[in-house]
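Trainee: Next come the chains, spelled out residue by residue.
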Amino acid sequence: MKTPRFVPILTAIIIVFISVVPTFAQNKVEPIDIEGVNKMMIVQDCPLFLVATAAWCGPCRQELPILNKLYAKYKEHGLKLVAISLDADGPAGMQRLVDALDLKFPVYWAGERMASAYNIFGVPTILIVREGKVQERIIGKRDENFLERKISSLMSNCKP
Amino acid sequence: MMWVLRRWIQTAATFLSNAYLMFPASRNIYQGRLKSVCTPGLNCYSCPAATGACPLGSLQNFYATLRPGLEQGRLHVGLYVIGFLGIIGSLVGRMPCAWVCPFGFLQEIIYKIPSRKFEIPHVLIYGKYVFLGLFIVILPAVVVDDFGYGVTWFCKYVCPAGTLEAGIPMLALQPSLRELIGPLFYNKMAVLLLFLILMVFIKRPFCRVVCPLGAIYSLFNRVSVFRMVHHPDKCVLCEECYRHCPMGVRFYEGANQVDCIRCLKCYQESCKFGAISYEVAGIRLPSIRTKRPEKEAPAD
Amino acid sequence: MKQESRKIPFVVLVIFIILFIIGININEVSAVWEKAVQICFNCIGIG
Numbered sequence: 012m013k014t015p016r017f018v019p020i021l022t023a024i025i026i027v028f029i030s031v032v033p034t035f036a037q038n039k040v041e042p043i044d045i046e047g048v049n050k051m052m053i054v055q056d057c058p059l060f061l062v063a064t065a066a067w068c069g070p071c072r073q074e075l076p077i078l079n080k081l082y083a084k085y086k087e088h089g090l091k092l093v094a095i096s097l098d099a100d101g102p103a104g105m106q107r108l109v110d111a112l113d114l115k116f117p118v119y120w121a122g123e124r125m126a127s128a129y130n131i132f133g134v135p136t137i138l139i140v141r142e143g144k145v146q147e148r149i150i151g152k153r154d155e156n157f158l159e160r161k162i163s164s165l166m167s168n169c170k171p
Numbered sequence: 572m573m574w575v576l577r578r579w580i581q582t583a584a585t586f587l588s589n590a591y592l593m594f595p596a597s598r599n600i601y602q603g604r605l606k607s608v609c610t611p612g613l614n615c616y617s618c619p620a621a622t623g624a625c626p627l628g629s630l631q632n633f634y635a636t637l638r639p640g641l642e643q644g645r646l647h648v649g650l651y652v653i654g655f656l657g658i659i660g661s662l663v664g665r666m667p668c669a670w671v672c673p674f675g676f677l678q679e680i681i682y683k684i685p686s687r688k689f690e691i692p693h694v695l696i697y698g699k700y701v702f703l704g705l706f707i708v709i710l711p712a713v714v715v716d717d718f719g720y721g722v723t724w725f726c727k728y729v730c731p732a733g734t735l736e737a738g739i740p741m742l743a744l745q746p747s748l749r750e751l752i753g754p755l756f757y758n759k760m761a762v763l764l765l766f767l768i769l770m771v772f773i774k775r776p777f778c779r780v781v782c783p784l785g786a787i788y789s790l791f792n793r794v795s796v797f798r799m800v801h802h803p804d805k806c807v808l809c810e811e812c813y814r815h816c817p818m819g820v821r822f823y824e825g826a827n828q829v830d831c832i833r834c835l836k837c838y839q840e841s842c843k844f845g846a847i848s849y850e851v852a853g854i855r856l857p858s859i860r861t862k863r864p865e866k867e868a869p870a871d
Numbered sequence: 117m118k119q120e121s122r123k124i125p126f127v128v129l130v131i132f133i134i135l136f137i138i139g140i141n142i143n144e145v146s147a148v149w150e151k152a153v154q155i156c157f158n159c160i161g162i163g
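Chains as they are written, first to last, in the working numbering: chain L, 12 to 171; chain A, 572 to 871; chain G, 117 to 163.
Do not rely on the hints blindly, as some may be mistaken.
[Unchecked claim] Derived, one-sided and incomplete: chain L residues facing chain A with beta-carbon distance under 7 angstroms:
hint	residue
1	V18
2	W67
3	A128
4	F132
5	G151
[As the list claims (entries may be wrong)] What follows is a list of derived Cβ distance ranges for each label pair:
hint	chain 1	residue 1	chain 2	residue 2	range
6	A	V608	L	N156	37 to 43 angstroms
7	A	L605	L	G47	49 to 55 angstroms
8	A	L587	L	E147	46 to 52 angstroms
No lab work stands behind these hints: they were computed from the structure. Quantities reported herein were computed from a predicted structural model and do not represent experimental measurements. Cβ coordinates follow ideal geometry from the N, Cα and C atoms, glycine included.
Just chain L, same shape as in the assembly (with noise of 0.2 angstroms):
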């Protein structure tokens, strides 16, 4: 007997859901390797804000919130954010942080080798990136004015 073809097309489609759907109810923290970073980075008109973060770093724990906020009321502008977590031990660490301070922006796991790609000596560094290349890094954690003004003022320029 043979099998009718939508069964396989079904069963895919069927997999392909399931493995989908916990990503819509989580920011999930996926892992990213250098070239995915590279390809991110590629990015017009707007800047991107690429912040290099870990969950082990205090100053970083405190500077997630702050970027979470600006995120929400800088999106819309065309904000583009980017977290990677330069943890050793994989993602769980910061998605944990992720789902405890409800982070909207997207969050991946890149590990030790960003540091050397991109030359990142301090965690939390942001490297903001305009036509592919670093353009700025603000090393060390910042209060929230100070990345504020960062923010509107790059955003200004730029049209969503």
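Since the structure of chain L is provided, determine the placement of chains A and G on it from the hints.
Mentor: Leaving out everything else, chains A and G in the frame of chain L:
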């Protein structure tokens, strides 16, 4: 001569612990694989030139991340670091303080500045165990934020080596970091300045009163393979050993006291009566002795 | 002079070698490395 040998070894150890000399160009710290190995002495791993990890910084980080680690199903209590320090300790006790610790070396150099010298109240030498217990273990593990993470208390509020080797150099290398200077930095600078001043007047004040690393090694002084030996029958209580001792130890009150760092200065340079020697696993080695002062005959 | 070799130092040594090896096997080395290659700004008085 032993004294010259020790200075050479101290100098070499200071440079080996800080051998990444690319930092003025890279404006960065060394990030290679060697950094997973601890240095035996106190040497800040945020120092741009540092080649190894600070054992105290590493230990504090283990205790500061203890709870989140447990929640993720891993129990890291720093056995790697404790084992490393214990291996050194059970072999030679507190010897690294005298021979390879860069911060100990600095204190000996600064003490050479001519001035009136002072002794500290003996009870203060137990301060280092308080710093070890509280600032390295208990506070980082117990005082935690909403996510269960603690803070590296010793590094953050006390360690003058960190301010000297990392705080000041990083501010020089990365001008943008100067915007972050606040009360924390002033506190750390005050601690550093206080110790720099004390170092002129007091023998190794940091090692004797504060250093948690010395406190760990000191616990091994009595049981280590290498040990000092006192011969009371030959001792005339002349206190020459005490006068030469860089740690202000009165050797005649007992060999292998917690502050004996096995620099061998008393054995080599002070005692004219043969009352000081050492042993390796119970085997006394008086034959290794290279030079005995031959200035004068023992007075009766 | 009576000289007795001491065994306790070696017992202590073996205990710490075992702890050291356990530490390596439960991947504590990478936990040390991870913190050593990133500056902890508030540890050195900045931030």
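Trainee: Taking the numbered hints from earlier one at a time, note which ones the structure violates and give those numbers from smallest to largest.
Mentor: Numbers 1, 3, 7 and 8, in rising order.
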